[in-house]
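Colleague: What follows is the residue order along each chain.
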Amino acid sequence: MTPGHVNSGTGGAAEKPRLLVRRLSKRYGNVQALAEVDFELRPGEVMALLGENGAGKSTLVKVLSGLVQPDTGTIEIDGAAVTLYPSARSQTAGVAVVHQEYSSVPTLSVAENLVLGQAGVPSLWLPGRLRARARDLLSAVGLDHIDPGTLVERLSVAEMQLLEIARLLVRDARILIFDEPTAALADREIERVLAVIKRLAAEGRSVIYVTHRLPEVFRIADRVTVFRNGRSLPARPTSELNVDAVITMMLGRELQTMFPKRGTLGAQALLQVEALKAPGLVEPVSFVIRPGEIVGLTGQLGSGASAVVEALAGMVSPVSGRVLLDDKELSLRSRAATLKRGIAYCSADRKRDGTFAVRSIRENLSSPWVRSVARRGWISARGERERSGDIASRFAIDVKRLATAVGALSGGNQQKVAVGKWLGAEPRVMLLEEPTRGVDVGARAEIYQHLRDLCAAGLGIVVASSDTAEVLGLSDTIATFYRGRLTAIRPHAEWTVDALVREVMHQEAA
Amino acid sequence: MIKAFLSWSRPYALPLAALVVTWIVISILTPTFRGEASVYSVLEGFSLVGLVALGLAVTLIAGEFDLSVGSMAALAAVITVLTSSTGLIGCIAIATACGVVFGALQGIVIGRLGISSLVFTIGTLIMLRGLTYIFSGHEPIIIENFEITDPLLERYAIFSVSSIIALFVFITGWLFLTYTRWGREIYAIGGARNEAIAAGVPRVRTLTISFAMSSGCASLAGALAATRGGSAAPQNYDDLLLTGAAACLLGGISLYGGRGTVLNVAFGVAILSVVVAGLAARGTSASLVQLVTGALLLTVIGIEFLAGRLAPRKAGGRAQRGRSRRMAGAGG
Amino acid sequence: AEGTGKVEGDGKDLVMFTITASNVYGANQIKGAEAEAKKLGYKLTVYQNNFSQPEQDQQVQQLIASGIKPAAIIFWPWVADAAINDARLLAKLAPVIQLTQEPNEKSWPFVQAYSGANQILIGETLGRTMLKAREAAKAAGMKFKSDNGKLLVFQHPAGEKTGTERMKGFMAVTKDAPFDIIHTEFGANSPESGYEIGSQVIPKFKGQFDFLFVSNQQAANGIIRALKDNGIAPGKDVYIVSGDCSGSLEAVKNGETFGTGIQPAAVEGALAVRTAAKFIANGKIEGDVIQMEVEAGAPAITNAPPAKLNYMPHAPAIGADGVAATKIWGYNADEICAS
Amino acid sequence: MSAELSVAPARHRPDWLLPALTLGPAVAGIIIAAIITPTFLNPDNILSILRNASLIGIVAVAMTPLTLSGNFVSLGISQSAMAAMVAFVALLGEGWNQLATILVVLFGLVAIGMLQGVVVAAGMNPVITTLAAGAIIFGVVSEATEGRIVSVRDYPATWGGGDVIGIPIVILVFVVFTALLTLMMSRTVTGRETILVGANRATAEISGISLARVTIVAFAIFSIGLAIAGILEGAAFGEATAKSFPNLTINAIAALLVGGTAIGGGQGSPLRSAAGALLISVISNMMVLNDFSPGGRLAIQGAVVAAAVVLLDLFRRRGVRR
Ligand SMILES: Nc1ncnc2c1ncn2[C@@H]1O[C@H](COP(=O)(O)OP(=O)(O)OP(=O)(O)O)[C@@H](O)[C@H]1O
Ligand SMILES: Nc1ncnc2c1ncn2[C@@H]1O[C@H](COP(=O)(O)OP(=O)(O)OP(=O)(O)O)[C@@H](O)[C@H]1O
Ligand SMILES: [Mg+2]
Ligand SMILES: [Mg+2]
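Protein sequence lines correspond, in order, to chains S, X, W and B. Using this note's numbering, read the first sequence as starting at 1 and increasing by one per residue. Using this note's numbering, read the second sequence as starting at 511 and increasing by one per residue. Using this note's numbering, read the third sequence as starting at 843 and increasing by one per residue. Using this note's numbering, read the fourth sequence as starting at 1182 and increasing by one per residue.
These aren't lab readings, by the way, just hints derived from the structure by calculation. Among the clues, some could well be false.
[Stated by the list, open to error] Part of the chain W face toward chain X, derived, beta carbon under 7 Å:
1) Thr862
2) Ala863
3) Tyr889
4) Gln890
5) Ser894
6) Gln901
7) Gln904
8) Ser908
9) Gly909
10) Asp923
11) Ile926
12) Gly1001
[Claimed, not checked] One side of the interface only, derived from the structure: several residues of chain B facing chain X at Cβ under 8 Å:
13) Met1305
14) Ala1314
15) Ala1316
16) Ile1317
17) Glu1324
18) Ala1423
19) Ile1434
20) Ala1435
21) Gln1482
22) Ala1484
23) Val1486
24) Leu1495
Idealized CB from N, CA, C, for every residue including glycine.
Hey, can you work out the whole structure from these sequences and the hints?
Modeller: As structure tokens, then:
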């Protein structure tokens, strides 16, 4: 299938590492994404790279693939010190990556994506020739049914992901990196992916495998490296570990102090979701939120948890069902309609639709409610200053620097702005997706505290998060989702970490 | 097979329909605009507006927008006349080469600095026009030994030499954009810039090629027009940019990058040629031609837009929702 | 070639190449030509270019491709010096009557006759008008900045031949007592461009000039505004003569412009059709120059062959009375200049 | 932990820097011009610079909200301004009352602009829409006027070139219009929403801001500026043709960009566009006074525009991490 084989033994050569990373650091503004990380990879080995959201996994991947220049640290491949930036160098050094964020080019064909950016491909891209090249690769990842001439934008999400892996195969690389390749895949497809990866390792290539799905780790990985908060823990063989041990390694820290105390819940229902069906959901969903309650929705990517939140926010029109707010029907037809009834919404991607990066903190904070401090269309500068100052001080944002552009802030502070801005609009219900994705530990605890403070004021909050620890620590009630269905909903006291992880993975973990 | 053909031909359905409809309407309105003569006239359109539109389309496909093409054509025309002592082929080659070099430099600057081409080329649009006046001495200049242009005045059935050259460039451009690595990289950079860079596509090289092509095509267009007319005037071609852009858009080249082929450009140019040549042959005023062009543009783009809206949304609509409005050339 | 013996067209094709009807001069010219063609029984097709030689080049190609065999072609090359190839191609198709821009020695072999304005003559009339302006200024007690008065010239955009030809005529008739030309600025052909340039050049030369010679009345209207901005009263502090009258004539009527040249585009169009018809009738030219005189009504067309150069009538208009008295081939000044 | 706001220190740039970058070259340009050109600083010349900046300035200022809202620029500027001028002059020539004429032109242009706004708000690309609308407007006006010069005839409308207490009316209008729009963009809800939509459409939508309203209002404001430009010119010249305002589109866009308003929206202000128009006017005046050829003037003006936008773009991007 792949052209050429890497001549390297699998067993005996274990002493000499294929890749050696030492004291590697990378800082983004105020976020230390990687702090003196050490990492080792042997020939023919599959190394699982694990860690919470924002632990720095993707950053290491970006450094290795030459997309990002590290601040300090050394990298050796097969004993020779190398520079991997920019990406062309990384490719020459034999590194190939399936990125978490960047995928194929949608406007090119499948076959073209398979040769894009590669050295050693003849410059004449004749369809017949590309087709022939593509066919083997596609069947290697089980995409035989796809015509290589199809435009990538016509593929399904799963097909795109498999194509990503096929693109990786085509590079005759020594080090293969997969950043959450199975996140969007169904079981059958996952099997195929894992089989391919095993075969590649057997050929002598080294694999770094980043994932949040622990069962897979035990299926294919030889060793495990855990990142926690930008730092690396020493690698350990999978044979010495089990799921619980890995979870402890990943979360092993002050869970108790991280999450604020829960408050008392109101008696009546604030928001009643009745048999709601929306795009992304297979079965109707029903649940209730009381004043002061935080409802956590969790599941894997594409499970339907955020589909519920998006429907409630008015971002996508529901297919059927109804929602009552204060016993009055809430129209989900448009964002404006839900906003008028006091539904605040923070999406998972704050850069895309949570903040105005080029505008000041004050303007960001006042964006949902500026109309309410205006008289006859003129903004009262005093009103805006006072209310945004109030929010800023409650969210520990420096009041003196409200004129700074939000884009210049750290991720955590950006998230505080994205959440805090809703306070001024006096919402009844707050919907959040992945509220602490990419937020450092300190800011994370602060955000949790703020959410609790809001509950104390009688708000209802819905949090959709793929971070099970977060859902468990923060929520009063937890609902799990799997493939478009709500699979379980129980008060927090009836959940344990294990139970939650198992429920989220559903039968996979069995 | 049929399915593949249908899916391949879908992007051409609307421009093709527009072409057929306008051609029929115009040939009813203008009795002299029929048969071989009309085909000849339409093909003639390829040598000026067509070449400019082709170059412009390359930058649009790359997710950029080269506003300087009209001024470039004017400058190239002047250079052609000034160097006409080198012979017909010589002067056209020199002018085109000047355009390619300028375009490449412009592409390097835009690629290196990562600035918006829409913004940058408005400066070069003004600057090149100034240079055109300076080089021509502020007045029309003529080719003294105008006999050298004779080969361009011949007609071969539906072709002239310049339309043959233009069609040759169209075919070469199509082959380049469709079947070579560099051509496909232009699509990649325009269709999904970050993804393409992550895959190892060099941004600067790709933009350099794109802008070299747009300036080169515009220069060739100017040089051909200058040699055929035997002259150049510094004030020429100030509306060529908008005409070229209209041709691209009529044909279905996207302003958002990565979409559209040389065939789309050809359709757009043909539609515009039919309107312009057909109505001019009727003695219709130039302003009415503009009116018709504007209305046609709005209609075609409107239909395309509505069709896109009404079409059932496939999965992945979610990614579309938050899509920013980053238009060709406007981003950094 | 053999002539048909009669000027009537009996439905024969005539083709005319000219500028766009979005321009007042083009519009009037086309109107005049169409009316005359209708009268004589020709079917006239007009190709209009948007002030673009390349566009005209393409239109010439189109005409040839269309297979039409017109009886004659009336051709205004937008850039006279730059349209030789067009003339060559058209000459193969039918007799070419060149319009508005006189042929040069390279294009004459392909052109049968010229019909239209006589720019040198216009320049001469304008020179004479300017001399009258000097007399009027002296009589009004104006003190000149030099003996013969200092002159500021605003020309057409650089490279337009009309301006340079007129200047030749102008210099010829004023050579006995020439004006001191202190500066020539190019680019004025509309009120906006006249104002834009005038408003910058006039402060620079304020107090240093007595007379202005401006390309046309439209541009003069812009320059008058710039003069007033700078506290200079046209018609009192300085005297203006404009090259032709396209534009609103208010400023001529109220004396802010001393005088202007009347260049009747409609008459030019009509004359061109007549010249073509006469050539078709006779198949030849006779003599070098026919200069039409100013007549209030259109003279009857004769069967005589045209000359090599057929000049349309041209007259200056000075002051409100001059404007009111103007009548050429049935058109009054406002019809000729503005509508 | 991060009780204090964390700001990337090296990357943060103070707010005054960008204005300084625009005004800096302008000031330097004025100084150089004053030194090498003796007549430059005389009051008549200064007024002439301001007057020449005014018209382009009014249009660039009026277009700023459109650009700020993320709708790029209009490619049909000349044609709309021309339509306003022709309509104004023609109606006065028909004997209409001046006030009524002004109102009709204003409302007419706003209606045309809002129509384009509606089309753009529905999702059509603004550049294509304005390009096509411009071609249609030009065609219609040309056909309607048949190429004639329309004029006010006997109507004494020359106030457009007049003064109020010694200050030319165009300059006054320019200053007042700039001040009003600058205030509007910085102090009103509509202005704020316009900027936010340009800064990030998706966030604006989630925040409940109506993209359609913002777009339509921006087009309406733009049209008011075009109407003012047309009326002022009409009232100054008393005549108009379909060929009026030939270079307005490019000049207004250049002024806006040289002022430093971001082409993609979200950053900039009407005041900056006014400064951009002034800078271009200063440079072009300096070159006229020093007898640069028209070609030389264009070449240098183009180079200045290119250099200015490159500098502004680079500094703007360095200011904010993306
Ligand atoms: N371009 C960037 N600018 C600023 N901060 C960044 C950038 N990229 C990453 N970060 C920050 O660096 C930290 C590590 O991010 P990284 O993407 O490596 O996490 P991860 O372990 O891959 O998380 P996940 O499991 O969510 O993918 C996060 O705090 C993140 O917000
Ligand atoms: N508007 C929509 N139209 C069509 N399909 C949609 C739409 N929104 C979501 N989907 C599809 O529904 C499925 C689930 O949606 P979604 O990604 O929102 O789940 P999720 O629970 O948010 O996942 P996670 O929170 O773990 O990222 C996906 O396959 C997605 O492509
Ligand atoms: Mg990651
Ligand atoms: Mg999600």
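Colleague: Hint by hint, work out which the structure violates, then give me just those numbers in ascending order.
Modeller: none
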